[in-house]
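With the hints as constraints, model all of the structure from the sequences given.
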Amino acid sequence: EAGVTQFPSHSVIEKGQTVTLRCDPISGHDNLYWYRRVMGKEIKFLLHFVKESKQDESGMPNNRFLAERTGGTYSTLKVQPAELEDSGVYFCASSQLWSTGYTFGSGTRLTVV
Amino acid sequence: GQQLNQSPQSMFIQEGEDVSMNCTSSSIFNTWLWYKQDPGEGPVLLIALYKAGELTSNGRLTAQFGITRKDSFLNISASIPSDVGIYFCAGQLHNSWGKLQFGAGTQVVVTP
Numbered sequence: 081e082a083g084v085t086q087f088p089s090h091s092v093i094e095k096g097q098t099v100t101l102r103c104d105p106i107s108g109h110d111n112l113y114w115y116r117r118v119m120g121k122e123i124k125f126l127l128h129f130v131k132e133s134k135q136d137e138s139g140m141p142n143n144r145f146l147a148e149r150t151g152g153t154y155s156t157l158k159v160q161p162a163e164l165e166d167s168g169v170y171f172c173a174s175s176q177l178w179s180t181g182y183t184f185g186s187g188t189r190l191t192v193v
Numbered sequence: 008g009q010q011l012n013q014s015p016q017s018m019f020i021q022e023g024e025d026v027s028m029n030c031t032s033s034s035i036f037n038t039w040l041w042y043k044q045d046p047g048e049g050p051v052l053l054i055a056l057y058k059a060g061e062l063t064s065n066g067r068l069t070a071q072f073g074i075t076r077k078d079s080f081l082n083i084s085a086s087i088p089s090d091v092g093i094y095f096c097a098g099q100l101h102n103s104w105g106k107l108q109f110g111a112g113t114q115v116v117v118t119p
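Chains as they are written, first to last, in our numbering: chain Z, 81 to 193; chain B, 8 to 119.
No lab work stands behind these hints: they were computed from the structure. Where is the CB? At the ideal position from N, CA and C, for every residue including glycine. Each hint can be trusted.
Simulated crosslink set (PhoX-like; lysine-lysine; CA at most 20 Å straight-line):
{"#": "1", "chain 1": "B", "residue 1": "Lys77", "chain 2": "Z", "residue 2": "Lys124"}
{"#": "2", "chain 1": "B", "residue 1": "Lys77", "chain 2": "B", "residue 2": "Lys58"}
{"#": "3", "chain 1": "Z", "residue 1": "Lys131", "chain 2": "Z", "residue 2": "Lys158"}
{"#": "4", "chain 1": "B", "residue 1": "Lys77", "chain 2": "B", "residue 2": "Lys106"}
{"#": "5", "chain 1": "B", "residue 1": "Lys106", "chain 2": "Z", "residue 2": "Lys131"}
{"#": "6", "chain 1": "B", "residue 1": "Lys58", "chain 2": "B", "residue 2": "Lys106"}
{"#": "7", "chain 1": "B", "residue 1": "Lys106", "chain 2": "Z", "residue 2": "Lys121"}
{"#": "8", "chain 1": "B", "residue 1": "Lys106", "chain 2": "Z", "residue 2": "Lys134"}
{"#": "9", "chain 1": "Z", "residue 1": "Lys158", "chain 2": "Z", "residue 2": "Lys134"}
{"#": "10", "chain 1": "B", "residue 1": "Lys106", "chain 2": "Z", "residue 2": "Lys124"}
{"#": "11", "chain 1": "Z", "residue 1": "Lys95", "chain 2": "Z", "residue 2": "Lys158"}
{"#": "12", "chain 1": "Z", "residue 1": "Lys158", "chain 2": "Z", "residue 2": "Lys124"}
{"#": "13", "chain 1": "Z", "residue 1": "Lys124", "chain 2": "Z", "residue 2": "Lys134"}
Some residues of chain B that are not near chain Z, with every Cβ distance over 12 Å (derived):
{"#": "14", "residue": "Gln71"}
{"#": "15", "residue": "Val117"}
{"#": "16", "residue": "Pro119"}
Here you go:
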């Protein structure tokens, strides 16, 4: 079974540019989560999809972040325009509908310069 | 918002030694989880705890869900070089739809 796949693994962009991160969850997993870890700090929740619906987006920092999950399969997280403080590692995770303890992807390391 | 306090931030230990780390919170959690992150990888679930007072082992790892439901600890016995990594605690609140709150992590370095 393929795990959670994230693309790209690394991205370096200039302040003001746009970046789109992609997550392919494990097939059949209805729950999809985005988290972010800023250097040395805790992993912070961004948002949660159940299938194609946003269940909880309370962790999204501001309206420069837009997440979508069309068709309930893969998800994208777009940052536009990127700011320096957006740098960090963005993790995606997925799980079956009533499961606890999900599977994480390897993350996308975003560096905004 | 709620905060998980994880300590220590880092540990430098010799191979064969035991390791202990813990997390405390002002909130009551109904689930505690412990994850390990290797360099360049995402966190991997080590142990899940679902009941106050529960003590669970997974090989050389032992974790407990505190009686107050506001804390948890993880012990690693007889450390080996592959135990190197960052260990995260995570708590799940009741009715939170799987949303986790994480501690800041404990960096473990094992020297031969």
